[in-house]
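For the sequence shown, the UniProt record's numbering gives the first residue as 1, with consecutive numbering after it.
Source of the hints: derived by calculation from the structure; they are not laboratory data.
Treat the numbers as computed from the prediction; the structure is a model and nothing was measured.
Every clue listed holds true.
Mimicking DMTMM-like on lysine to aspartate or glutamate, the simulated pairs with C-alpha atoms at most 20 Å apart in a straight line are:
| hint | residue 1 | residue 2 |
| --- | --- | --- |
| 1 | 106 | 26 |
| 2 | 150 | 93 |
| 3 | 163 | 89 |
| 4 | 106 | 151 |
| 5 | 72 | 93 |
| 6 | 72 | 152 |
| 7 | 121 | 131 |
| 8 | 67 | 131 |
| 9 | 80 | 151 |
| 10 | 106 | 32 |
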Amino acid sequence: MQRNARLTQAAWNSIEPTLQRIFAIEHVSIKEYMILCSKVQEYCRDQTDNGRLVGVGRAHVIYAALKQFLQKFVSQKAEKIRALPLAEDRLLEYRSTWENYVFSAKITNGTFRYLNQHWVKRHNESLTPLELATGRKAFDADVLCMVIWKEEMFTKIETNVTKAALELLEADRNKERGVRMDLVK
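With the sequences and hints as input, model every part of the structure.
Below, the structure written as structure tokens:
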């Protein structure tokens with residue numbers, strides 16, 4: 001069991017650095033992207049543990065690691081936004097973070113395409129109605145990104161972002177100059 005955990009961590013450690021660069025909006029070459037896709041696919045398809053057939057791939061492990069990575073990433077961004085003192089700055093940072101995140105989610109979806117096509121659907125079909133109702137459903141990588149965004153960003157800063165938007169609306173209503181109304185569209 002401990003060896004399995006080490007193999008899992010080693011596999012994720014080979015995936016995570018490139019994923020971090022994708023979410024930091026840093027350049028990732030086509031070669032690096034393809035290597036990342038291959039690593040995800042190979043790990044999802046690997047059905048052995050120390051040469052012993054285990055009967056199922058390890059896609060669920062990669063999925064859980066991706067989910068944890070996204071939760072940590074979005075949580076850190078939410079804290080950064082929350083810490084900004086001015087309403088306009090919070091909304092500017094929120095918009096910029098959202099735009100970058102949407103782009104990264106698209107890249108991530110391509111990276112985890114094999115997981116999407118070969119594990120997510122099969123996993124969901126294997127769940128009982130009770131398991132589906134209790135949140136055990138898996139999502140394609142791009143949808144998972146959006147679900148995590150909603151959970152992490154809005155459970156932590158919803159009132160902060162809403163309050164910032166209301167402050168800008170009030171400033172506009174009071175005819176203050178320089179109000180960035182494009183931030184509350």
